[in-house]
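2 protein chains.
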Amino acid sequence: MANQLVGTPNMALIADLLADPTFDFYCMVDHPDNVADLGAYFASRGVRLNVMIEYGVVGGRCGCRSEQQVLDLAKAIAAQPALALTGIEGYEGVIHGDHAVTGIRDFAASLVRLAVQLQDSGAFAISKPIITASGSAWYDLIAESFEAQNAAGRFLSVLRPGSYVAHDHGIYKEAQCCVLDRRSDLHEGLRPALEVWAHVQSLPEPGFAVIALGKRDVAYDAGLPVPLLRYKAGVVPAKGDDVSVCKVTAVMDQHAFMTVAPGVDLRVGDIISFGTSHPCLTFDKWRVGCLVDEQLNVIETMETCF
Amino acid sequence: MANQLVGTPNMALIADLLADPTFDFYCMVDHPDNVADLGAYFASRGVRLNVMIEYGVVGGRCGCRSEQQVLDLAKAIAAQPALALTGIEGYEGVIHGDHAVTGIRDFAASLVRLAVQLQDSGAFAISKPIITASGSAWYDLIAESFEAQNAAGRFLSVLRPGSYVAHDHGIYKEAQCCVLDRRSDLHEGLRPALEVWAHVQSLPEPGFAVIALGKRDVAYDAGLPVPLLRYKAGVVPAKGDDVSVCKVTAVMDQHAFMTVAPGVDLRVGDIISFGTSHPCLTFDKWRVGCLVDEQLNVIETMETCF
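Chains as they are written, first to last, in the numbering used here: chain A, 1 to 306; chain B, 1 to 306.
Please keep in mind that the hints were generated in silico from the structure rather than gathered at the bench. Remember, it's a predicted structure, so these values are computed and weren't measured experimentally. Accuracy of the hints is not assured; some may be wrong.
Rough simulated footprint, nothing fancy, chain B against chain A, three-plus residues with beta-carbon under 8 Å [claimed, not checked]:
#1 24-35
#2 135-149
#3 263-274
We put the beta carbon where it would ideally sit given N, CA and C, even for glycine.
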């Protein structure tokens with residue numbers, strides 16, 4: 001869990017799960033109070049918890065802000081018999097700006113340096129501790145930094161770019177263009193695999209469609225959904241016409257506003273497939289997703305867990 | 001259903017439900033193609049569907065754009081034996097700008113005028129057709145317009161401001177201040193009844209807290225969540241300290257950034273109650289909500305249906 005475990009009821013959930021010997025769990029710590037709370041709770045349950053120190057960015061999100069804080073926290077963990085320090089974690093996705101690439105390389109280097117220092121001082125409870133970073137935009141830089149410093153030799157190095165699962169047609173598509181620019185040896189990148197389909201609900205004015213697709217259905221925080229193909233209702237086998245020339249201009253709770261480009265002849269009841277930007281916040285809108293084959297047959301349904 | 005019923009699978013769901021004689025259903029229509037589709041489908045099922053004409057706003061969302069379109073659509077409905085015209089509907093919430101109050105009064109007046117005209121021409125299939133409008137910001141103006149034109153005498157007049165259920169601490173709180181300004185005879189308004197609670201997850205820098213509350217948990221499209229009270233973990237009976245002087249400055253997928261005001265002594269593991277802005281988009285984040293009494297005991301759990 002790339003987050004702190006906070007709150008006794010949440011700790012209880014994990015302690016209960018740890019009764020299963022096949023359940024393997026690691027969480028982050030970044031504050032001595034949390035270390036004290038976890039140490040006391042898991043001692044009271046007679047269970048040992050694997051923790052990893054989160055190393056953060058000044059002005060960023062969670063995580064220790066300096067190497068000294070990391071080393072001090074390692075000592076606090078060592079004083080808790082119910083806690084096992086098993087690794088170190090960082091998240092570079094909060095580094096932005098003109099010098100992001102340099103900032104991310106520096107951050108990754110500092111993370112490996114800290115891991116080596118902790119290992120040399122005997123701070124880890126396991127022989128091959130975990131080192132992990134990387135969101136879905138900069139995984140190539142993190143992998144290169146880990147490799148350059150031979151992190152894999154000493155540590156179990158883990159990349160965790162969650163958007164590899166479905167990729168998208170928005171921010172992560174753009175981020176991947178940058179990856180491919182940086183890595184000319186990669187001939188092809190990820191392909192977007194997440195679409196949301198919706199009906200044309202209303203055509204109230206020329207050139208303007210209201211789509212039955214809203215904030216309840218699709219992410220809207222990092223770009224609006226993009227129209228891909230139009231399917232006419234009842235036509236089998238389904239054949240999509242490219243309508244990417246149309247453009248979503250706004251989303252409301254239950255509706256999207258879409259311009260209908262000249263030459264696109266929409267009818268109420270047509271079905272449009274949309275690509276989305278920011279898969280995480282699209283998944284959380286749905287209790288079930290459908291996996292389809294090339295002929296659009298649903299071959300599996302997948303329950304989401306949020 | 002204050003929306004168009006579009007798509008054969010959706011029509012089939014409603015036709016199946018209509019087999020239950022206690023199930024009463026009405027949907028909106030605003031386009032002759034949709035009227036033709038509904039008429040054909042429900043005729044094929046041997047079921048009659050109640051429809052209401054949606055009257056919209058130029059530059060707005062769904063709905064016929066002119067009185068003439070409404071009258072033409074009524075004729076199209078009359079030609080479909082499987083459809084019964086049972087009312088007229090509008091949504092004034094898309095009217096904005098400096099002259100919103102005038103625009104809304106004009107819209108409501110036009111809606112009633114159309115209803116009267118349709119009734120006088122014998123277009124409705126029932127003796128007391130439905131007339132309905134009103135979101136959660138302007139329900140007083142709609143009620144006044146309906147009353148001024150004696151809509152209740154001829155029609156079943158329905159207001160439908162969904163946010164009365166939980167109200168909020170944001171946009172609808174502000175909208176209600178305007179209602180109370182307009183209606184000095186109302187001594188008290190709605191009280192917000194929806195809170196999202198979350199732990200203080202990290203205190204990585206002085207004056208800065210990371211809260212375990214993100215875009216996965218709370219609406220963020222119309223104002224950020226506002227801190228209300230802080231509860232110390234494990235203290236029973238729970239007693240909240242006012243922390244409304246703190247301020248959420250950003251939300252990410254799983255985290256909120258909160259400034260910690262001087263004098264507020266937070267600890268990792270504290271629990272904070274937050275008010276939200278835009279209840280609709282907070283409800284859709286949760287599969288279950290908890291109803292609590294004054295002592296914060298959960299007295300009922302309520303499943304959401306999205």
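Outcome of the hint check:
Chain B is given as covering the stretch 24-35 of chain A, and this holds because 4 residues of the stretch bring a CB closer than 8 Å to a CB of that chain, at least three being needed. Check on the stretch 135-149 of chain A: 0 of its residues sit with their Cβ under 8 Å from a Cβ of chain B, so the three-residue criterion for coverage is violated. Figure legend: the stretch 263-274 of chain A, annotated as covered by chain B; annotation consistent (4 residues with Cβ-Cβ distances under 8 Å, at least 3 required).
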